[in-house]
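Asker: Now for the letters of each chain:
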Amino acid sequence: MSSDIILNLGLAFAFISLAIYISNKLKFSSIPFLILTGILVGPHAPEIFGFSTAVVQRTESIDLLSRLGVLLMLFYLGLEFSAGKLAAAGLSLFKGGTVYVGLNFLRGLAFGWIVFQGWAEAFVVAGITGISSSAIITKLLVDLKRTANPETEFILGIMVFEDVFLAVYLSVMSSLLSGGGDVEALEIIPGIALIIVFILLVIVLGRRIGALVEPRLPVKPAETFVVIVFTMLLLTAVLVETIHIAEAIGALLLGLVLAETVHSKRVIQFITPMRDLFGAVFFFSFGLEIDYRLFGDAVYIAVGAVLMTVAGNVITGLLASWIAGYNSKRGFNVAFTIIARGEFAIITASLAASAGVNSTLPAFAALYVLILAFISPVLAKNSRNIHQAYIKLIQLITKTGVSEG
Amino acid sequence: MSTIKEAELPGLGKKFEVSLDNGDRVVIVIHDEGTREVYHFPEGEDDALSSVTMTDQEARQVGSIISGSFYQPRLLEKLETAVADLRIEWLEVKENSRVAGKSIGDLGLRKNHGIIVIAVIEDKLRGRKGHARINPGPSYIFTPGHTIVAAGIKEKMDLFEDMLQKGHAEEDGS
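As they're listed, the protein sequences go chains A and B.
The first sequence begins at 1 in the working numbering and counts up by one.
The second sequence begins at 1 in the working numbering and counts up by one.
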């Protein structure tokens with residue numbers, strides 16, 4: 001029996017490696033490839049000439065690894081964040097970022113409500129469609145050799161801004177959904193308030209809290225250090241679960257605290273390979289869950305959401321960069337680059353699904369991320385051409401306007 | 001002098017934008033994982049004309065070449081490194097110098113002026129490959145054509161520079 005578990009795990013990792021290898025060859029984000037591979041070899045795999053390609057089972061061990069993957073990804077998100085960075089970004093980013101994130105979220109909320117006719121679903125859809133993937137976008141900027149452009153500072157600033165928003169959003173969502181849809185406002189408001197107060201506290205007092213933890217972490221032997229950090233991560237996850245906060249949020253909060261200590265760089269160094277390894281299992285196992293035969297309505301919803309995202313993002317992106325004081329050419333670069341969605345859309349959908357919100361959400365999120373993963377690099381690459389087309393269009397309109405006048 | 005602007009690229013690294021005197025801009029992006037990108041923006045252009053990507057190791061090598069550690073440009077008569085008050089200079093012994101024919105000990109360079117001769121590069125003028133003598137003893141005799149690498153505080157070094165160049169009149173007088 002034990003050899004079967006290892007066999008299953010070995011097969012899973014073989015496919016994960018293959019997916020990541022192919023995505024790197026094609027210079028694509030690995031997330032959609034991992035999900036797709038999961039769908040193709042999982043329990044709901046297609047049958048070709050009577051042979052089923054369902055070779056990987058969704059076992060407890062894979063579940064455990066993927067759960068660790070979520071913990072590590074959110075822990076990393078917290079670690080990467082620093083209040084100092086946000087403060088350094090300045091007022092123009094603050095204004096632009098607020099407009100961008102706020103409008104995107106409201107747009108997602110409206111779309112979700114129209115499609116699902118329920119506030120819980122609308123809230124989840126807003127999260128899935130509202131938050132860009134910083135991993136994909138950073139990679140895109142490097143690949144397109146745009147890291148030196150002035151608007152890149154703004155794009156990456158928005159990513160940081162979104163991360164803060166994400167921390168608050170996930171906390172609120174986890175307390176909203178812990179009620180299982182049966183939401184009593186009075187019951188959850190204290191919980192939400194508590195988390196928001198805690199996050200603000202960490203952001204404001206981060207250095208002080210960090211100073212408490214700092215001297216108690218033994219640094220010298222790398223072995224002790226990595227073991228203790230991992231233990232802290234697991235214990236925090238358990239601890240917050242007892243006060244009805246999702247374990248993922250616990251990991252995020254721990255990351256926020258450790259980010260303000262001198263150890264943050266070292267922790268990031270240790271955590272990054274683990275996050276890559278287990279994060280890949282998470283996306284793969286997310287695919288294992290999905291039965292493409294049951295896509296049905298999810299296809300239309302996903303296509304609709306993609307159209308809404310592209311259109312909405314272009315408008316909010318242009319608006320945000322206009323507020324931040326960039327010209328239209330830069331604005332087009334911003335608007336067409338920040339369309340990619342990825343890791344956080346999937347994490348949100350997975351958290352929502354495990355809370356039992358709506359069974360079509362994972363399929364919708366998978367399709368949505370898949371479609372956008374293929375569209376967004378093309379849009380980003382051609383942002384300059386789109387801008388030129390836009391200029392020509394404007395000229396055409398003004399010309400005809402003049403000749404008519 | 002060029003102006004340098006610094007900007008944080010969260011999740012990516014740091015950006016340095018150097019505006020050169022000729023109007024061009026050079027943008028250097030240092031990634032957190034060590035990769036360096038260098039972009040060249042010609043004057044008035046919004047888009048980079050060219051770019052190179054280097055690994056950490058390569059960037060360090062290129063950096064030290066640019067800083068002149070390996071080869072001193074011939075156009076510059078002396079290489080001047082100023083650390084607070086300390087100066088390290090490369091100076092040539094002129095044909096009619098006051099010190100020509102005298103030794104380091106004769107002049108009492110270290111005792112009287114606090115100047116230390118680090119090295120002497122011989123035969124530079126004759127086009128052969130320079131033969132360097134590191135840390136010459138007090139018996140070394142200054143010879144026209146040699147290049148002296150010496151360290152000392154600013155005022156004393158100015159004095160030493162004078163000694164190596166002029167002294168024509170003094171020599172005639174004696």
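Hint data in this document are derived by calculation from the structure and do not stem from the laboratory.
Don't take each hint at face value.
Capping the alpha-carbon separation at 27 angstroms, the derived lysine-lysine pairs in BS3-like fashion look like this [to be verified]:
#1 B:94 / B:156
#2 B:102 / B:154
#3 A:399 / A:265
#4 A:139 / A:381
#5 A:27 / A:139
#6 A:392 / A:329
#7 A:139 / A:265
#8 A:329 / B:156
#9 B:14 / A:329
#10 B:14 / A:139
#11 B:14 / A:95
#12 A:329 / A:145
#13 A:139 / B:111
#14 A:392 / A:145
#15 B:5 / A:27
#16 B:5 / A:145
#17 B:102 / A:381
#18 A:27 / A:392
#19 B:94 / B:154
#20 B:156 / A:145
#21 B:14 / A:265
#22 A:265 / B:5
#23 B:111 / B:94
#24 A:145 / A:399
#25 B:111 / B:156
#26 A:25 / A:381
#27 A:381 / A:392
#28 A:265 / A:381
#29 B:102 / B:156
#30 A:381 / A:329
#31 A:27 / A:329
#32 A:25 / A:95
#33 B:5 / A:95
Asker: Can the restraint linking residue 5 of chain B and residue 95 of chain A be considered satisfied, given a maximum Cα separation of 27 angstroms?
Answerer: 23 angstroms, holds
Asker: Checking one constraint from the list: CA of residue 111 of chain B to CA of residue 156 of chain B, max 27 angstroms. Satisfied?
Answerer: 12 angstroms, holds
Asker: If you draw a straight line from the CA of residue 27 of chain A to the CA of residue 139 of chain A, is it 27 angstroms or shorter?
Answerer: 9 angstroms, holds
Asker: Quick one, are residue 14 of chain B and residue 139 of chain A close enough, alpha carbons at most 27 angstroms?
Answerer: 15 angstroms, holds
Asker: Residue 265 of chain A and residue 381 of chain A: Cα distance at most 27 angstroms?
Answerer: 33 angstroms, violated
Asker: For the pair we were handed, residue 5 of chain B and residue 27 of chain A, check the Cα-Cα distance against 27 angstroms.
Answerer: This hinted pair is violated, its Cα atoms lying about 32 angstroms apart.
Asker: Is the straight-line distance between the alpha-carbon of residue 392 of chain A and that of residue 145 of chain A 27 angstroms or less?
Answerer: Judged against 27 angstroms, a Cα distance of about 26 angstroms means the pair holds.
Asker: Holds or violated: are the alpha carbons of residue 399 of chain A and residue 265 of chain A at most 27 angstroms from each other?
Answerer: Answer violated: residue 399 of chain A to residue 265 of chain A is near 57 angstroms, above 27 angstroms.
Asker: Run the distance test for residue 94 of chain B versus residue 156 of chain B: straight-line Cα separation, threshold 27 angstroms.
Answerer: Distance ~18 angstroms between residue 94 of chain B and residue 156 of chain B Cα, so the pair holds.
Asker: Against the 27 angstroms threshold, does the CA-CA distance of residue 156 of chain B and residue 145 of chain A hold or violate the hint?
Answerer: 51 angstroms, violated
Asker: Hinted pair, alpha-carbon criterion (27 angstroms max): residue 381 of chain A, residue 329 of chain A. Please report holds or violated.
Answerer: Since the Cα atoms of residue 381 of chain A and residue 329 of chain A sit roughly 14 angstroms apart, the hinted pair holds (cutoff 27 angstroms).
Asker: For residue 14 of chain B and residue 329 of chain A, compute the direct alpha-carbon distance and say whether it is at most 27 angstroms.
Answerer: 23 angstroms, holds
In this structure, the hints that do not hold are numbers 3, 8, 13, 15, 17, 18, 20, 24, 28 and 32, in rising order.
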